[in-house]
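Generate coordinates for the entire structure from the input sequences, incorporating the hints supplied.
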Amino acid sequence: MRRNALLAFATAALVASGLAVTTARAAESEHSLEHQRWSFDGLFGTIDQAAAQRGFQVYKEVCAACHSLSLVAYRNLGAIGIGEDQIKAIAAQYNVMDGPNDAGDMFERPAKPSDKFVAPFANANAARAANNGALPPDLSLIVKAREGGPDYVYGVLTGFVPPPAGVTVPDGMYYNAAFPGHQIAMPPPLSDGSVTYADGTEASVHQEAHDVVTFLEWTAEPELDARKKMGVKVILFLIVLTGLAYAVKRKVWKDIH
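Counting with mature numbering (1 follows the signal peptide of the UniProt record, and there is no 0), you get residues -26 to -1, 1 to 231 for the letters of the sequence shown.
In short, the hints are calculated from the structure, not lab data. Bear in mind that the values here come from a model prediction, so they are computed numbers and not experimental data. Be aware that one or more of the hints could be misleading.
Claimed, not checked - Below are the DSS-like pairs computed for lysine-lysine, each with C-alpha atoms no more than 30 Å apart in a straight line:
| hint | residue 1 | residue 2 |
| --- | --- | --- |
| 1 | 62 | 34 |
| 2 | 202 | 118 |
| 3 | 62 | 86 |
| 4 | 90 | 202 |
| 5 | 90 | 62 |
| 6 | 118 | 203 |
| 7 | 118 | 86 |
| 8 | 203 | 90 |
| 9 | 207 | 225 |
| 10 | 223 | 207 |
| 11 | 118 | 62 |
| 12 | 207 | 118 |
| 13 | 34 | 118 |
| 14 | 118 | 90 |
| 15 | 90 | 34 |
| 16 | 34 | 86 |
| 17 | 34 | 202 |
Claimed, not checked - Between beta-carbon pairs, the in silico distance windows are:
| hint | residue 1 | residue 2 | range |
| --- | --- | --- | --- |
| 18 | 121 | 145 | 20 to 30 Å |
| 19 | 89 | 159 | 27 to 37 Å |
| 20 | 211 | 79 | 50 to 60 Å |
| 21 | 206 | 74 | 45 to 55 Å |
C-beta atoms are modelled at their ideal positions from N, C-alpha and C, and glycine is treated no differently.
Dropping the structure here:
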């Protein structure tokens, strides 16, 4: 009896400890996350193509120096309104390894629209060596891979602030209010005027972050618009089908009642 009581007490203590740690981690990960207004929110939400195009510009001119986008091909950019000729020009700025040729040798060639985005580093070791041991994550699915989704990615991009009094940040690390643990190896990637938008939009940090997150939402879920349109059609069909079923039921059972 005493043994069972001790076992129950120990179990309760472990559960309580686990809940406390989980709660602390949850509170920490959610710190400073504020819900932003996204064009793709809700049942009828869609990807804002203008914002996605600006976000691609931010990715290309700022993020692509460290972060890959390995699941996206250049030709996919047509889905956010970028023209075919422009896509060809974008792809041609990069070289890819191809082959073997007729002589059995590998060779470099300019990238084509059908190629996936060229990674900034040859391999993970090269990426770590260039970033003080930290491995920049691939951004193809980053919005879906992180709890908090677009709000989390936006929070990290805009969360670089001076550390609170008494908090020491080691060399090579930066304080970020939204990042779990608040210490991140990535320096602040965005600043006012990091890019010059072709459409004249003011390139503030918050605008750049909002645009690049919209772009990354598209890379993570390129079929989002089509899926939501299909969902609306299915809901309308079910509403009509329910009405027809009810009318048939009334017709069939009217003489019995």
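Structure-based check of all given hints:
no.: 1; hint: 62 x 34; verdict: holds (15 Å)
no.: 2; hint: 202 x 118; verdict: holds (17 Å)
no.: 3; hint: 62 x 86; verdict: holds (7 Å)
no.: 4; hint: 90 x 202; verdict: holds (26 Å)
no.: 5; hint: 90 x 62; verdict: holds (13 Å)
no.: 6; hint: 118 x 203; verdict: holds (20 Å)
no.: 7; hint: 118 x 86; verdict: holds (28 Å)
no.: 8; hint: 203 x 90; verdict: holds (27 Å)
no.: 9; hint: 207 x 225; verdict: holds (27 Å)
no.: 10; hint: 223 x 207; verdict: holds (24 Å)
no.: 11; hint: 118 x 62; verdict: holds (28 Å)
no.: 12; hint: 207 x 118; verdict: holds (25 Å)
no.: 13; hint: 34 x 118; verdict: holds (20 Å)
no.: 14; hint: 118 x 90; verdict: holds (20 Å)
no.: 15; hint: 90 x 34; verdict: holds (14 Å)
no.: 16; hint: 34 x 86; verdict: holds (16 Å)
no.: 17; hint: 34 x 202; verdict: holds (28 Å)
no.: 18; hint: 121 x 145: 20 to 30 Å; verdict: holds (29 Å)
no.: 19; hint: 89 x 159: 27 to 37 Å; verdict: holds (29 Å)
no.: 20; hint: 211 x 79: 50 to 60 Å; verdict: holds (57 Å)
no.: 21; hint: 206 x 74: 45 to 55 Å; verdict: holds (49 Å)
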